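**Student:** Starting from the two chains in their separate frames, assemble the complex, guided by the hints.
The lines below spell out each chain.
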Amino acid sequence: MELEKVFDVTVEEDHSYAPVITTLTDRQKRIIKIRKRIKYCLKIINYLLLIGVGLTFVYPFVWMFVMSVRSYDESILFSGGLWVNEWHWENYVEAWNRAQFSKYLGNSITYAALVLGLQYFFIVPAAYAFARMEFKGKGFLFQLKQLGMMLPGEATLIPVYFFYSKLGLVDTWTGLVLPSLFSMFGIYMFTNNFKTIPQDIIESALIDKAKNRQIMLRIMVPMIFPVFVTHFLLTFISNWNSYYWVLVMTNSEKLKTLPVAVKGLLKADGILPPWHLVMAGNIMQLAPILIMYILGNQQMKRAMIGGRKIKFAGGDKESLIKRGVKALVRKLNRTSKEVIFKER
Amino acid sequence: MDILEKLENSYNREIQKKVLAQLDIIDAATEKYHQEKYKYRSIFLEQAKPLQDQLQREKALHKNYKSELRNQIHKVKFEYKGKMDEIKEDYYFDLKEAKQSLDLIKKKIHHNYQKARREYMQAYASSPEVLKAKLNKFDQDFKVYYDKEIAELTRQREETISDLKQKHVEQLAKLKKQMQGEVDEIKKAFLKINKEAYKAEKEAKISRLKSQINVLKQEMKKQEKGNRSFLKTLKKETKAVKQKARSEIRKINRETRNAVNKMSAQERKEFMELQKYINEDFRLRRKIKLDQKEASIMKKINPAYIYIFPAAFGEVLFTLLPFAFMIVGSLFRVNLTNLSKSRWVGLQNFVMIFTKDVEFQKAIYNTIIYSFITVVLLSVVTILMAAWLAKNTKIHNLAQTMVFTPHIASLVSISILWIAMLNPNGIINQVLAVFGIKGPAWLLQENTSLFSVSLVTVWKDIGYYVLIIISGLQGIPAYVYEAAKLDKASKMRTFFSITIPLLAPTLSFVFITKFINSFKVFAPIEIMTNGGPMGSSMVLSYWIYKVGRIGFNYGPAMAGAIILTIMIAICTFINNRYLRKIVRY
Chain F
1 MELEKVFDVT
11 VEEDHSYAPV
21 ITTLTDRQKR
31 IIKIRKRIKY
41 CLKIINYLLL
51 IGVGLTFVYP
61 FVWMFVMSVR
71 SYDESILFSG
81 GLWVNEWHWE
91 NYVEAWNRAQ
101 FSKYLGNSIT
111 YAALVLGLQY
121 FFIVPAAYAF
131 ARMEFKGKGF
141 LFQLKQLGMM
151 LPGEATLIPV
161 YFFYSKLGLV
171 DTWTGLVLPS
181 LFSMFGIYMF
191 TNNFKTIPQD
201 IIESALIDKA
211 KNRQIMLRIM
221 VPMIFPVFVT
231 HFLLTFISNW
241 NSYYWVLVMT
251 NSEKLKTLPV
261 AVKGLLKADG
271 ILPPWHLVMA
281 GNIMQLAPIL
291 IMYILGNQQM
301 KRAMIGGRKI
311 KFAGGDKESL
321 IKRGVKALVR
331 KLNRTSKEVI
341 FKER
Chain B
1 MDILEKLENS
11 YNREIQKKVL
21 AQLDIIDAAT
31 EKYHQEKYKY
41 RSIFLEQAKP
51 LQDQLQREKA
61 LHKNYKSELR
71 NQIHKVKFEY
81 KGKMDEIKED
91 YYFDLKEAKQ
101 SLDLIKKKIH
111 HNYQKARREY
121 MQAYASSPEV
131 LKAKLNKFDQ
141 DFKVYYDKEI
151 AELTRQREET
161 ISDLKQKHVE
171 QLAKLKKQMQ
181 GEVDEIKKAF
191 LKINKEAYKA
201 EKEAKISRLK
211 SQINVLKQEM
221 KKQEKGNRSF
231 LKTLKKETKA
241 VKQKARSEIR
251 KINRETRNAV
261 NKMSAQERKE
271 FMELQKYINE
281 DFRLRRKIKL
291 DQKEASIMKK
301 INPAYIYIFP
311 AAFGEVLFTL
321 LPFAFMIVGS
331 LFRVNLTNLS
341 KSRWVGLQNF
351 VMIFTKDVEF
361 QKAIYNTIIY
371 SFITVVLLSV
381 VTILMAAWLA
391 KNTKIHNLAQ
401 TMVFTPHIAS
411 LVSISILWIA
421 MLNPNGIINQ
431 VLAVFGIKGP
441 AWLLQENTSL
451 FSVSLVTVWK
461 DIGYYVLIII
471 SGLQGIPAYV
481 YEAAKLDKAS
491 KMRTFFSITI
501 PLLAPTLSFV
511 FITKFINSFK
521 VFAPIEIMTN
531 GGPMGSSMVL
541 SYWIYKVGRI
551 GFNYGPAMAG
561 AIILTIMIAI
571 CTFINNRYLR
581 KIVRY
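As they're listed, the protein sequences go chains F and B. If you count the first sequence from 1, position 19 lands on 19 in my numbering, and the numbers rise without skipping. If you count the second sequence from 1, position 453 lands on 453 in my numbering, and the numbers rise without skipping.
A portion of the hints provided could be inaccurate.
If you want the footprint, here are the derived chain B segments under chain F, 3+ residues with CB under 8 Å [to be verified]:
| hint | segment |
| --- | --- |
| 1 | 219-227 |
| 2 | 324-335 |
| 3 | 393-402 |
| 4 | 456-469 |
| 5 | 548-561 |
| 6 | 565-576 |
Below, computed lysine-lysine pairings styled on BS3-like, alpha-carbon distance capped at 30 Å [as the list claims (entries may be wrong)]:
| hint | chain 1 | residue 1 | chain 2 | residue 2 |
| --- | --- | --- | --- | --- |
| 7 | B | LYS276 | F | LYS209 |
| 8 | B | LYS488 | B | LYS107 |
| 9 | F | LYS33 | B | LYS391 |
| 10 | F | LYS311 | B | LYS514 |
| 11 | B | LYS491 | F | LYS33 |
| 12 | B | LYS221 | B | LYS242 |
| 13 | F | LYS209 | B | LYS362 |
Everything labelled a hint here was simulated from the structure, so no lab data went into it. Keep in mind it's a predicted model, so treat the numbers as computed, not measured. Using N, Cα and C, we set each Cβ at its ideal position, and we do this for glycine too.
Chain B on its own, in the form it takes in the complex (with noise of 0.2 Å):
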């Protein structure tokens, strides 16, 4: 037997029937309440749509007036420069070649002279008067005949060149006069409707449909008011009538529980092998009213929006609250228990930090100078490591590997060790005193604090940027080095005039990059100097953690971090707008 003959004859079946019968109840009573809700509102809706989408035209029209005469000039004005470059573009290559083609005449007849004096050389060579005497004819003939020629190949070229030219400009002229007739006629167009009769128009006819629509609105507001008292009365008739329904579907389930108790063994294995295939189709029925939710859900707004509702969320709370917090915060002396006692200083914050704050100065200062160490010793170093580094072999890869791998270490545990190693009796002055240097104090020196910090972390990126340059190296074409080589241009050679140009964009970027991130340097500068002796490692970053975060002075940390911020924006700038350059080959 069929299984579905077998279910819609079973007793499973006829439960389910009832189950059903009970659903739909409850969907009927939601639907009627539904309807008897927002009758009102989707008569005015659709009363409403014609007019607020005549409404959105009109006042769009009102708003383009200008730029649509403004629009419509510019793409005439677009398509005609386009053509007026494709004319200058053809003059300059046809004027090229036609200055062009005198010069290699010139060459070819000096080679061919030079080849004549050779033949005459070797005919004449045992007699060497007979020679000079013939030379001398050939060449004066040759002077006559050659200012002749010049002379008459250079009034062509001077014709074609003046024929080129007139034509040129003929075509220009043409081009700019039929633009400007299309233009006026477009600016007639326009000028033809009066401007303050259309405006009053627009504006008449927008304040209707307005108040048209707002009538509307209020007379169903006034309805729903009215049916207020109803409604609630409905609410609680469909209320009572889900309880009874959903009291009944209980019912239903616990008597099929005792029948099902009451079944022999055989039986009820049929039953739960049946009640499979129900409990599939009561899924089923569920699944589809929750698309069909969705989809109501989805048609009213964009689902992007429930999509990047994290994402904005974190801007708003990590970058636009803090940002505006932090303009306003900076021109008040803040109360930490109470904000509403915060008293307004104005720029005194500002004022303060850059004359009387001695600390706030050294660290603006060190900030640039550790800033300008490290990029500098980085980019030196590691264009001239990846040059080397950069073949492709087993141990140049193997070399590659080593000199990564204090990059993937924590800044903390570099730092850490780079304080054993720096030590006064450390690694690096053993090394020194082997060379019979002795070295200085590193870290518990003023002068050579901020170096030794800039050190470590230049060590600890080498890796990660000689990689970087060496993919760069890779996404150079081939065929340029080997046209070099066809030139017999030597290594050194290749390497500056070559390599280095090609790199530039690439390296300008890595390395501004570099410079704007390590006006943030923090860890290392906490860990092994916290601001160093004196404070010649203080820099911007401790600063105003050591100010605002320690010390509780919100109001000048948060004048320092605006000042942060100005240093980066300034240069982030620089860098989109001057050094950001596309490579060509």
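Bound-form chain F, shown alone (with noise of 0.2 Å):
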């Protein structure tokens, strides 16, 4: 060996990544064969195991209802089991009754319908202006609307009550529905929707001398019109658990909604109060959000994470509300092509 090969840096040789052939023998192979067996097994435990926490979280749900059919001596007794002696569904109507749910249930559902009706008149246009218009003072605005996030209701709550007091509008649907109309969330979400879509298409229309009106109402809102179902979904949620603001912007019982009336069946009368009552109004205020999840879980967890990419396995199935809404969708574009065919 020369010293002379050993400070040759070029010369290269390198097995250590070669691949090695062994055979097994049979004490080998058998332990494979337990170990994949173990494994298996560990599968099914961790499956099980899923099911299990999964239930921790279901599992109150159907005690709720477990004891509200239960009769009221029972009920006191708060057995964690859920079997039932005596089905008593006669709790849901005297429920219903004793917390006049008939007054209560409509006060929700024209709370939700005026909300929701009408936001879209103040939040779209907004969203566009942001989105796709140049003016004076965005800046400004947008500072706004960043202070706006770190002032709470819960901290303006005595200047808006004193404002509206001022201005008569404690006790009414107005002042009850006022700050939905211009909620900052919806502005937000549909601002950062236009956004996503392309230039090209609104130059495209700017040709043929659209207007900011027809680019709005007939070029984007259609082009974004799953947005608006999250959106729906989302507001009819938030506005069936509203409490906070009801509470606070309303004194006599007439406006008061669901879960105001709930709360009022908890306080009613007596030390104890009547746990089977309880919980047969929480499951009637609860019932139609419940549904809707059972329904159309997937899209209802893709909405309520808001905006994130998620993808869940056997996804593709499609839900009943989503064939609805496709339904829906297919036949909203059938109607406006034919609004422009007419027009030209």
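**Tutor:** And the structure:
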């Protein structure tokens, strides 16, 4: 071996990554088999654990239903099991009558319908202006929005209530609905989605001398129709569940909604609340949203986490709601085409 | 027969012509009135427009005198900085290469040395003594040779490095010199201008232009004043003309109705069919007129202001005005029935709530403790659960769906449900009793009430945050994990040194937002504990509600609201300033 060869850096032969072929003995084969079996068992145990953990989140709701059909004497024992000695369906009727559910249900529906029906007249133009138009004071409004995020409704409660009482808006539908019509959340959501529409489409419309109004209503709104569905769902849920605003801005019983009514059942009479009735009322208040969730849970989950991308196993299977929405979109598309054709 | 021809010769068309004539009269009258009304104004605008343009230009020049210089210098500097950065990057890259090359050579030599030794060992395996001698000799030779070679190589390397350094410094100096030269030139050009004289000149020009415009304006006003009585009479005249034309139209319509009534059935049918087209024509005319009017309005103001109005109104009413009112009102003892009788008390509201109001002090302490408990519990539980639930099988999906259920229910029903479950005889204590633990009275006990409330909110929010983290996990590209697999990293190692660091920005953002949001907790406290036994679960937002809305003590309540706002603002500021990072793979 010569020294020059040692210092010749260019020579290089390395076999450390070459594949090694070995034959397995019977013992090794057996071990591999056992390992596979253990893995399979672990998988099943994992699945069982998963279902168990999931059940801890669903069980309380089922228990709530069971409580609602027990008799009073049975309900105050709070037994955690899911058995019922006597089924008392009349609890629902009694809860309905005692908490005047018909009145509050009407209020809840009116509140949701007013907000859902009116908000788009205000939100969509504002979002369009934020996304596609230039004007003085845009930056200032944006900064105000950030201030608004830092300033929660819980802090501005006193001044807003004071203004309301001076303007005579306490205990009126107008006052109750007003803040939802300008909700920053909706404007933000639509602004972001309007921004994703490519500029080329709008420029081609501008060449055809389309006005802002026409661009907004004829081009942009149909393009982001799925966002409307998501927003509709979210606002419905938040309105149906809203408690703080209704509690704070109403004095009389005239405009209170379902959550307040259920709370009224809880604090109705005596030291011990009638738990069977409270649970019945609670179930009735929860029912619409729970039914929606059972019908279209994938869509609800996707909508609730807001704009983030997520994949679900078996998510390709279309739910009832999705199918309905698709049919609606198809119908709308057809009608809008017809309108355009007529005008030509 | 063509329908248009038919229409042209018909009775309908005759009527339409009559109506159109009347409409034209109305239009002409209004046009005449408008012209008369805005005659002098339009003349003024025509004359003043060039002056106004000039005025604006002068104003801009006067204002931007200094910033212009700064802008130009900044521009030049920015350009040169980009060039310098490029040169620096190249230099560092070369330097790194030069430094690493020697190490590589050394490694390769050692590799070859080991290989040669192994060959010796194999060749003289039978006679160990010979092998020992040979190896000794080989080692000695190698050492001498190696030192010489390496010394040579290091010398070479240092030479190249020093060359590189010199070149780099020269280039940089050259660039700096160039930049300085350009900047100096710009400065010189600006120094030539006499500052005071320049300013005075501009100001004189501006004032002159202003006075010219004012003179024109006053003239216009005088003329308009003289014209006022004439305008009044003209207005009356136009009104009369319009009324007459309208009555004429009404008359024509009445006549046609009579005529149609007298027609036979066949004729009437024909008439109605043609009238459809006439009506359509009228409708289109009206639409065109409306469009013209809209365009004239849109020309004057930016349409964006019409679009943005609701949002701006909402922000003013629900953000700006309350904020201002809150700051001012916290310094007063507010009189509800008569605002003007409110008394100025300065910072006394703040002093009072901080020193005398025990409930407020408890509220601040509890709010912070509550937020900490909630966020720490939530983050630990959700991160572990998300890592467990992140797989994409049907059973995992079912578990996700089940875990998410509480999030869609309202806080009210969840709170009511958990009052029953946290009852001293409730489910939780029954389960604990199975393990032989005697559970506390949860909501009715001072030391556990706040913890129980935070437990409920955590239980409600787990599903939501698990889904968010899963969507973050799905965003990490697969090749990162494949690389870890190639390096034979264990699962725990992968989780702690890849998943967590890559998710960290998302996690910190999400949980700090949650931290801020839990300052505002209201509904669970209001329903479950009402501020708790002995104020042990009193939080700020509930305190504000209790003092301000129920007790009507506006001053202290608004002071408390300001404290809450400040707390939120500090957290938001820290979050935006220090914790917002961009993920890079």
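**Student:** Would you pick out the hints that fail for this structure and give their numbers low to high?
**Tutor:** 1 and 13
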